[in-house]
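Colleague: Sequence:
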Amino acid sequence: MSESTVTFAELGLSEAMLKALEKKEYGYPTTIQAEAIPVFLAWKDVIAKAPTGTGKTFAFGIPMIEHIDPESQDVQGLILAPTRELAIQIGDELRGLLTYFHNIRVAVLYGGSGIGAQIKQMERKPQIVVATPGRLMDHYNRKTIRLDKIQTVVLDEADRMLDMGFFKDVTKIIEKVKNRKNLGLFSATISQEVMTVSWMYQRDEVEITVEPQKEDRPDIAQYSLSVSPLEKAETTLRLIRTQGYERVIIFCNTKHMCQRLCDEFQRAGLDCECIHGDIRQNLREKTMQRYRSGKLPILIATDVASRGIDVDDVDCVVNFDIPAENEYYVHRIGRTGRAKRKGVAWSLLGNFPDKAKLDEIAKFSDYHIKPMILGADGSLTEEAVQAPKAPRKRFR
10 MSESTVTFAE
20 LGLSEAMLKA
30 LEKKEYGYPT
40 TIQAEAIPVF
50 LAWKDVIAKA
60 PTGTGKTFAF
70 GIPMIEHIDP
80 ESQDVQGLIL
90 APTRELAIQI
100 GDELRGLLTY
110 FHNIRVAVLY
120 GGSGIGAQIK
130 QMERKPQIVV
140 ATPGRLMDHY
150 NRKTIRLDKI
160 QTVVLDEADR
170 MLDMGFFKDV
180 TKIIEKVKNR
190 KNLGLFSATI
200 SQEVMTVSWM
210 YQRDEVEITV
220 EPQKEDRPDI
230 AQYSLSVSPL
240 EKAETTLRLI
250 RTQGYERVII
260 FCNTKHMCQR
270 LCDEFQRAGL
280 DCECIHGDIR
290 QNLREKTMQR
300 YRSGKLPILI
310 ATDVASRGID
320 VDDVDCVVNF
330 DIPAENEYYV
340 HRIGRTGRAK
350 RKGVAWSLLG
360 NFPDKAKLDE
370 IAKFSDYHIK
380 PMILGADGSL
390 TEEAVQAPKA
400 PRKRFR
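If you use my numbering, the sequence shown corresponds to residues 10 to 405, in order.
There may be inaccurate statements among the hints.
Mimicking DMTMM-like on lysine to aspartate or glutamate, the simulated pairs with C-alpha atoms at most 20 Å apart in a straight line are [to be verified]:
id: 1; residue 1: Lys366; residue 2: Glu392
id: 2; residue 1: Lys351; residue 2: Glu34
id: 3; residue 1: Lys158; residue 2: Asp83
id: 4; residue 1: Lys32; residue 2: Asp83
id: 5; residue 1: Lys33; residue 2: Asp83
id: 6; residue 1: Lys364; residue 2: Glu392
id: 7; residue 1: Lys177; residue 2: Asp213
id: 8; residue 1: Lys364; residue 2: Asp386
id: 9; residue 1: Lys351; residue 2: Glu255
id: 10; residue 1: Lys372; residue 2: Asp213
id: 11; residue 1: Lys304; residue 2: Glu294
id: 12; residue 1: Lys190; residue 2: Asp78
id: 13; residue 1: Lys364; residue 2: Asp324
id: 14; residue 1: Lys134; residue 2: Glu202
id: 15; residue 1: Lys32; residue 2: Glu19
id: 16; residue 1: Lys372; residue 2: Glu334
id: 17; residue 1: Lys264; residue 2: Glu294
id: 18; residue 1: Lys264; residue 2: Glu392
id: 19; residue 1: Lys152; residue 2: Asp213
id: 20; residue 1: Lys379; residue 2: Glu392
id: 21; residue 1: Lys364; residue 2: Glu220
id: 22; residue 1: Lys364; residue 2: Glu336
id: 23; residue 1: Lys190; residue 2: Asp213
id: 24; residue 1: Lys53; residue 2: Glu34
id: 25; residue 1: Lys53; residue 2: Asp157
id: 26; residue 1: Lys295; residue 2: Asp101
Listed next, with one range per pair, are the computed distances between beta-carbon atoms [said to hold, decoys possible]:
id: 27; residue 1: Arg151; residue 2: His111; range: 23 to 31 Å
id: 28; residue 1: Arg350; residue 2: Leu279; range: 17 to 25 Å
id: 29; residue 1: Gly121; residue 2: Gly303; range: 22 to 30 Å
id: 30; residue 1: Gly387; residue 2: Gln201; range: 44 to 52 Å
id: 31; residue 1: Asp228; residue 2: Lys33; range: 19 to 27 Å
id: 32; residue 1: Pro362; residue 2: Lys134; range: 31 to 39 Å
id: 33; residue 1: His265; residue 2: Lys33; range: 36 to 44 Å
id: 34; residue 1: Val15; residue 2: His111; range: 33 to 41 Å
id: 35; residue 1: His111; residue 2: Thr251; range: 45 to 53 Å
id: 36; residue 1: Gly121; residue 2: His265; range: 27 to 35 Å
id: 37; residue 1: Glu216; residue 2: Thr251; range: 28 to 36 Å
Because the hints were derived from the structure by calculation, they are not lab data.
Predicted model only: the values in this text are computed from it and were never measured.
Glycine is no exception: its CB is placed at the ideal position from the N, C-alpha and C atoms.
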């Protein structure tokens, strides 16, 4: 991701925030952070389009924390996220920024998990709440959260959240925040639904666009392997074992394939776990915690995990199945090559439609995906790409 020439100190941040950023070894803000933080600090509405992995969480998290009055026990900042994984991740990042602040608390609310523990979080009077829309409305209806003192509302991954059918919940929540000072919409793409929310609820908004230019992109070497469908599992196994990858994410398109592959790898002696929609929430959290802490080397997941996994040292991403949507590919491979490390992404092509889809993704995203051959001994050679044959002339 590209950095700006301005420093965090020049953005007018507090000493506590600067110490926290220094501890995390962040020297300069990214483009989206440098543009969004001063605007948010000035209480302006923001609609920001920026690629995944460019530092959006800090872009709204830093000014939100700076605005919090620690003496007040009211909820003052609200961040809405489309998935529980992303909500948990945002909560963790905010807590990291609060290292040198006193009496500022963060609560994370999401479905699929017992509400009792979350009610106890709310009883501790957090000033910042990160939530999925459905669970937030559940708490609101139970009167375990008040929205009338909230100053800042942020929709993270706004395009995906609204696309997932949360439009009615999101608009209802925004309308209940009567004393809102500013609203931030952060998104990888600005869809019609995002524009509608902006038109309905933002005033004199500042538009920020960070184009997905080459210098903004993480450094990810991208390769493909053409194998028969029956050989995909064995090929993935050989790839991991021979290339020395220590932390891997494998993406499958379906829950069934995800579970099947995990079972097969466990039988082969690999330490791996999977997360998908049928896994209970508490098990998903334990699996993610093991993976983030480095105790679990291989994570197999559906696209539920393609956003919201922020682990800085993922060696390799494997697309066991080619994703159905171009954007999914971008989000999947964005799990590697973070924090200025070099990453690797492999895509397995089991048939011609897979190849055609990957070619479309490469064209859409302006990526160069190199076809390779994996030898039985783990040797890698570049696959010779044959030029299309010239059509034979017909003579009459």
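Colleague: To test your reading of the hints: which numbers does this structure violate?
Modeller: 4, 5, 7, 8, 10, 13, 14, 18, 19, 21, 24, 32, 34, 36, 37
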